[in-house]
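Asker: Protein chains in written order, with the numbering used here: chain A, 71 to 493; chain B, 71 to 493; chain C, 71 to 493.
Keep in mind the hints are simulated off the structure, nothing from the lab.
Be aware that one or more of the hints could be misleading.
Chain copies aren't distinguished; within one or between two, either way the pair holds.
Said to hold, decoys possible - In the PhoX-like style, the derived pairs of lysine-lysine whose C-alpha atoms are separated by at most 20 Å in a straight line are: (1) K187 with K425; (2) K425 with K74; (3) K425 with K185; (4) K108 with K284.
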Amino acid sequence: MLSKEDNEFACRVGPGTPTGELFRRFWLPAMLPSELPKPDCPPVRLRLLGEDLVAFRDSNGEIGVVEAHCPHRGASLYFGRNEECGIRCVYHGWKFDVAGNCVDMPSEPAESNFKDKIKITAYPTALHGGVLWVYMGPKHLHAELPQLEWTHVPDSHRSVSKWFQETNFLQGYEGDIDSAHASFLHTYLDPAASPTGEGTTIDPRLKARDRAPKIVVNETDYGFRYGARRIIGEGSYNWRVTQALLPTYSRIRLIRIPAGGRAWIPLGDNRTMTFYISYHPDRPLTDQDLAIRRTGRAFPPELIPGTFIPKRNMENDYLLDREIQRTVSYTGIWGVNDQDRAIQESMGPIYDRRKEHLGTSDLAIITARRRLMNLAQELQQGIEPFPATHGDIYRVRAMDVNTTVDDFDAMIANHGNGLRAEV
Amino acid sequence: MLSKEDNEFACRVGPGTPTGELFRRFWLPAMLPSELPKPDCPPVRLRLLGEDLVAFRDSNGEIGVVEAHCPHRGASLYFGRNEECGIRCVYHGWKFDVAGNCVDMPSEPAESNFKDKIKITAYPTALHGGVLWVYMGPKHLHAELPQLEWTHVPDSHRSVSKWFQETNFLQGYEGDIDSAHASFLHTYLDPAASPTGEGTTIDPRLKARDRAPKIVVNETDYGFRYGARRIIGEGSYNWRVTQALLPTYSRIRLIRIPAGGRAWIPLGDNRTMTFYISYHPDRPLTDQDLAIRRTGRAFPPELIPGTFIPKRNMENDYLLDREIQRTVSYTGIWGVNDQDRAIQESMGPIYDRRKEHLGTSDLAIITARRRLMNLAQELQQGIEPFPATHGDIYRVRAMDVNTTVDDFDAMIANHGNGLRAEV
Amino acid sequence: MLSKEDNEFACRVGPGTPTGELFRRFWLPAMLPSELPKPDCPPVRLRLLGEDLVAFRDSNGEIGVVEAHCPHRGASLYFGRNEECGIRCVYHGWKFDVAGNCVDMPSEPAESNFKDKIKITAYPTALHGGVLWVYMGPKHLHAELPQLEWTHVPDSHRSVSKWFQETNFLQGYEGDIDSAHASFLHTYLDPAASPTGEGTTIDPRLKARDRAPKIVVNETDYGFRYGARRIIGEGSYNWRVTQALLPTYSRIRLIRIPAGGRAWIPLGDNRTMTFYISYHPDRPLTDQDLAIRRTGRAFPPELIPGTFIPKRNMENDYLLDREIQRTVSYTGIWGVNDQDRAIQESMGPIYDRRKEHLGTSDLAIITARRRLMNLAQELQQGIEPFPATHGDIYRVRAMDVNTTVDDFDAMIANHGNGLRAEV
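In isolation and in its complexed conformation, chain A is listed as follows (with noise of 0.2 Å):
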């Protein structure tokens, strides 16, 4: 349960509020590379964080990131001429280039210098395995890019995919690192229609055995992992670890490959952009690897093409099909985000969170939301995050194990794999 006031700290992201200043120290996945696919190609609406932005690629190739709106009169930059090295806006002439100068002004007298007084809020980016990253907060803090293992596989082994969801991105991130609802939401009546491939169901050992597994959170610089351990045999045990990292990635999942990591970025405060990531780490995607991203019956969901909206979405209650649900699946929706939005839109676009009931299997949500508060709250007392600052922490792996240890920090520091200490 969150009081009104905690709930409000939590979720809402615009400038000055606690939680969107925290956010504005990382730097965050904003666009595919392929919203801005060459060199003066069209400009890109973008919301972050409840600021209207525009994303355009230059004539050399650099990406602006910068407040929609030109400071001259208003006009959305949108409407822009992205040519010659800056984005020209079509109601006076004035351009500005991706460090937001303006380098151009010529509704002004030749002799006027009023253009070297006018500069509109530009924020860096960069690309970033397969993704483009933004970062909207001071300048001086030295910001790290995350470094998490998909970063740093070549971009054949790596599929990423973006969509929005309406609500808030805690909604998101809390459905993320709740591992129970694997069990419930995304199973099928009929084994035999369930889909194949990653992302589609939990492993199907585990379901089949220990049903309620002993949960252990460990905190860490990142954030935390959590493990699952599952009795196997007589001191036999299969441990399962993932990862919660700060601000909102979440686990990578190795039990199937190739893997998946996912990001909630707040557009504002009702609305995200989830990122999917698919890789494998030591060879290209195949084909095959990549067949089911097509049917949307995991991640991603399908879309209404040209946006990044879902084809089953709130208006259409997610095509959800009561005969289907009554004999096939557990919900009667297609797939397995499709699912997990209905449920997450229907909680309401921030959900009051007064008016919940946590269980034990809620374990690594109340974690998250108290990592993710606590840094907050630092912060307002001038205390940097220092994941924001320390790239390499994010270098970790998610494991899972058959063994005979049974204390978790033993396990941990017997099976690391190389990445860093715990896996």
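Following the hints, position chains B and C against chain A.
Answerer: Using the frame of chain A, we list chains B and C on its own:
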């Protein structure tokens, strides 16, 4: 005229509002049984008095009306599985019975007793007179179902329909007890074009003679009755008596057979559910009786298939045809209810009654408001509304009598019809 | 830059607002006569300065513009019957004449004098120059219709159109007196692709030479005129003079014949009605003159049939074509007004002028705001606006003169055209 404060007092129906609390003392018509046709059928979204609810019919045929959101993490139970005597949230499998008890919580360890601490709001329901009723008030009050005449005839003698109106309930109810408007809004320039059948126009005999009837209002325990006395000859009168029954049932007209009744049930402050009941006290309805219902010429209006939204609505200007208005009917709008809704919705979602100018023809409206507001004020002082716990006082019938008795009370005493003293 | 308070002061137009009261001192263009084509034709919804109105043309051809809602119980008179010299509410038959008098009240007893106490707001109207004007101010003030040149030519010499823009009036008006933007927003990369005809581009002669004209603003009783002096040779000048007429009439350009004028009339704070008048002072318009109007390439824009809503609008991104923008026109948007509206609507419904940075090219805009705000401030102190009661001062004409006179006032004195001193 109502002050801004009185208008708010009379119209707002959410939890904690005076009129909202008054409505919560009465059993309220809420659904058609056909919306929940059989055990374990799909759950249905329902909104009543500003509360979001979900209705379902369990495996035993019992009907549950419960709060819409799962108390665990707020997912809508509308997406739930209705199975094995309960509705199960698809997020984590929590399951609730029709009484609101949590009967299964598979996401928690088997030994947990968390489930015993969880209960959701569940409102008592009753099937009565071919309608599903809901009681949203305190459990200890022994509210009784109103024993309206139509609730006592066999199903074969009755037809019930419902639809939505985009206004506050009071605007609809006021239109219902406003006999004056029938001489204008629902009339035809060309009598031959006038639809025939119940509910289509007022009695042509009355229209043809005394157009300034004497109106007498008589307050009663159930609300009030009002009589219209028209001179039809030397010392000879026609008395037409109809009732307004609290909180918002309208007169049951018996000028034509079959007869009708209506109820105006608030979904929220700005949306109302209209119920229309037509019935014959003594015999089954025939195909001919029901024919006009299918045309939308009277009540109910034609609906958009699969919804309770009228086909002729605000979005399409009620398919107003100015040429028909010029040459055939007073409004140029197709059906009697379409005409009512067009006018009532044109007043705005909640009419600002500071702007009204009531005349003598509005006496019944003035009385209805006063009675409703008095009951709500009394309830604020702890006095429970009498009619809510005395269902038998609703056993009244409208009348239409030719007589030599000029005095209202004497006429009522002389011409009862066996249901209750006045009728 | 305007402070938040000044911006509100300048933009809000509802009853009781300073600028709203100022507009109420002027006759305002409100409708095209074709909207009320003949006696007893259907009534029309109208919104002006935030007030909901209904316009109708009675049996005698008189035009009434009255408050939208019947004072009895608030039904919209839009649904009313327009017959026998009055509009009759269809709810209970109350009837009103064009002056707002209640002339029939059939729902009340014949002997009642209630009707004599009922009156609705009715605004004086006038047909003037092919436009229906409405006056919403105090009756005793003797406001005069503005004697703009186009109001004095025969109907055959004039064409009038109107459409809606989804912004505050001031954004539209500011675009209209902003000569600088024409050199950008409305230009073509390929001159051969440029549409021909009035209103399509600025004079190509001017574009080809002196691009930094000297601007002189000259305040007058009707508002102000501003001249642009361009050097065309040794001691030889081109002077182009246009007018801004209070409250929101724009210059009448006579560079091309036929010429045009515009007016920006607030429907409410966030929606504006644009009137565009094109006319020839001396001869009827020809088919060729009118041809460009049908294409939407200039003014008016193409409209959605049966509405005043432009076909290219916010919902469809004005059918922006990026390939056309790259190769043919500055914006990739079809028509001149489509281009203006796209930009003005992209500023938001009411642009927050705290964010603007005005340059020397914005002198006319600064002047227009100051004049409007001064008049509104004076009115708050009881000083009535002079131009509202002096229609003759609007008899001015724009000019375009080649001359050796360098001084603005001397040039005006030398080159009048007979309408008034300066022209």
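Asker: Treating 20 Å as the Cα threshold, decide for K425 and K185: within, between, both or neither.
Answerer: This pair counts as between: shortest inter-copy Cα distance 16 Å, intra-copy 54 Å.
Asker: State whether the alpha carbon distance between K425 and K74 is at most 20 Å within one copy, between copies, both, or neither.
Answerer: For K425 and K74, only the intra-copy Cα distance (10 Å) is at most 20 Å; the inter-copy one is 33 Å.
Asker: Within, between, both or neither: how does the pair K187, K425 come out at a Cα-Cα threshold of 20 Å?
Answerer: Close across copies (14 Å), not inside one copy (51 Å); limit 20 Å.
Asker: For K108 vs K284, is the C-alpha pair at or below 20 Å within one copy, between two copies, both, or neither?
Answerer: neither (50 Å within a copy, 41 Å between copies)
Violated hints amount to a single one, hint 4; each of the other numbered hints is respected by the structure.
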